[in-house]
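Could you put the whole structure together from the sequences, leaning on the hints where they help?
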Amino acid sequence: MRRFLKSRWFKVLLILFVVLFIGTIYAAVSRNGASPFSSATGAIFEPLQRASSFIGDGFKKMGSKFTSSSTYEKQIIDMQEQVENYQKQLIDYEQTKQKVKLYEDFLGVKETHSDFKVEPATVIGRDAANAFYSIVLNKGTSDGIEKNDPVICGNGQIIGVVSKVGTTYCVVSTVFDPSVKISAYEVRTRETGFSTTNVELSRDKFCRLSGLNRNTAIATGGIVCTSGVGGIYPRDLVIGTVKEVKNDSHDISSYAIIIPGFDITRLEDALIITDFDGQGVYVSED
Amino acid sequence: MKKENLHIYIRRVVLAVLIIITAIMQNTAHLLPTIFGIRTFFLVPVVVCIAMFEKDITAALFGTFAGLLWDTTSAVGDGFNTIFLMLVGSICGILINYLMRNNMVTAVILTSGSLVLYSLCYWLFFVVGKGVAGGGLLIFTFYLPCCAYTLIFTPLIYMLIRAFMKKLRDSLPMQRKMKKQR
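Residue numbers (my numbering), protein chains in the order written: chain X, 1 to 286; chain Y, 1001 to 1182.
Think of the hints as simulated: they come from the structure by calculation, not from any bench.
Treat the hints with care, since some could be wrong.
Said to hold, decoys possible - With a straight-line Cα cutoff of 35 Å, these simulated DSBU-like cross-link-like pairs (lysine-lysine) come out:
#1 X:Lys88 <-> X:Lys110
#2 Y:Lys1130 <-> X:Lys205
#3 X:Lys181 <-> Y:Lys1130
#4 X:Lys246 <-> Y:Lys1130
#5 X:Lys243 <-> Y:Lys1166
#6 X:Lys101 <-> X:Lys11
#7 X:Lys246 <-> X:Lys205
#8 X:Lys117 <-> Y:Lys1130
#9 X:Lys164 <-> Y:Lys1130
Because the structure is a prediction, the values reported are computed rather than measured.
The following block contains the structure:
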């Protein structure tokens, strides 16, 4: 033992220990936390470390080739289920977005007409033999729909009136049907008349405000609304805007051609007004 | 269940499904192409072609079924399509069974007659009869063009139904076939 303590190797070891200890203290107090020795060692062996890591990755990938096909099959099935779920969520999202748009449009109408009770409906069909764009909605008597309930767009434009009701569906005669007549007035001049149409105008998807005076003051761009007379349609629902005013060839009155503000061929949703103040009550124009 | 009865049931179920599909396609917007607003009345040739391969009573029932489906979307005259197609089915069934041959020519003749008659009746009862302004010309600007458009597809519908009936008949056992031919 005494010989070892006095040997040269012990002295070398002792010096090495002291230097390393000093290096550790230096690493502890230095900013980067590394002693000069570990920095130097790292600098020398870092390329080797990188090479071995690269080789290790290669082994990992090679190992995945030996993964059983059932593992991959399970992963594929899981991913397919995830994709299907995302697709369903996307469809739900789009449908909800469409409904929100419809309700947003109707909110303005509801704020103006707080007495309206409405039932939202979707267009599900039409009669091929009807030349006047009648539509079928997916609500019926089980939803409180009755014949002669008015039907509007989300933005308050009148579409038509329920002409036939089943248990789960109803058929709507639109404003392009000559049999649908709506008492109306022009907003600026307050002139009254009734909205109807004929075959020629219906083909172009126009209506006409008939029964105007010969010297009417209605001009292009005027807005025509329902007057509420008759108790079928509530007051102040927009029918359309005036395209032009013409003299009737059959009598001394004039009429205005109206462009409704919706495209019947692209209509997908509608609102059926099941109740409003004054429904069924005949109100005269006086 | 005898094989022949099974064939009858299969035949009738398939034809009923065909009528349902045709009604949906005809009465749903944007499902079939329209030409300047001119549409097709596919239910009429389907009923006529089915009637050509069935007995008159069965054909009348198929026509009734087709008319009921069409009436659910009809805004006017509830029951008009039912009665009309029932009559078309029974009359075409009687004509084919007792008077006329069953071929493409008679199919086109019967279908064109049914379509024109349907258009005339609809126009008379629900347009002219209701006093629709300007309705006089609608027969020429809408209904007859619809008839012509529908007639173009009649040979295809006839061939489809004939092929199905032939295939079903060929699958019957030989002795039943001979009994049927007698």
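Hint check:
Using a Cα cut-off of 35 Å, the hinted pair Lys88 of chain X and Lys110 of chain X holds, with the two alpha carbons roughly 32 Å apart. Between the alpha carbons of Lys1130 of chain Y and Lys205 of chain X the distance comes to roughly 20 Å, so the proposed pair stays at or under 35 Å and holds. At most 35 Å may separate the alpha-carbon atoms for a hinted pair to count; Lys181 of chain X and Lys1130 of chain Y meet this at roughly 14 Å. Proximity of Lys246 of chain X to Lys1130 of chain Y is assessed by CA-CA distance (about 25 Å); at most 35 Å being required, the pair is judged to hold.
Between Lys243 of chain X and Lys1166 of chain Y, the direct Cα distance comes to roughly 59 Å. Violation of the 35 Å bound is thereby established for this hinted pair. Note on Lys101 of chain X and Lys11 of chain X: the hinted pairing is violated, with a Cα-Cα distance of about 88 Å set against a maximum of 35 Å. Taking the CA atoms of Lys246 of chain X and Lys205 of chain X, the gap is near 17 Å; set against the 35 Å cutoff, the hint holds. Between Lys117 of chain X and Lys1130 of chain Y the alpha-carbon distance is near 32 Å, which keeps this suggested pair within the 35 Å criterion.
In summary, the hint linking Lys164 of chain X to Lys1130 of chain Y is supported, as the alpha carbons are separated by about 17 Å, within the 35 Å threshold.
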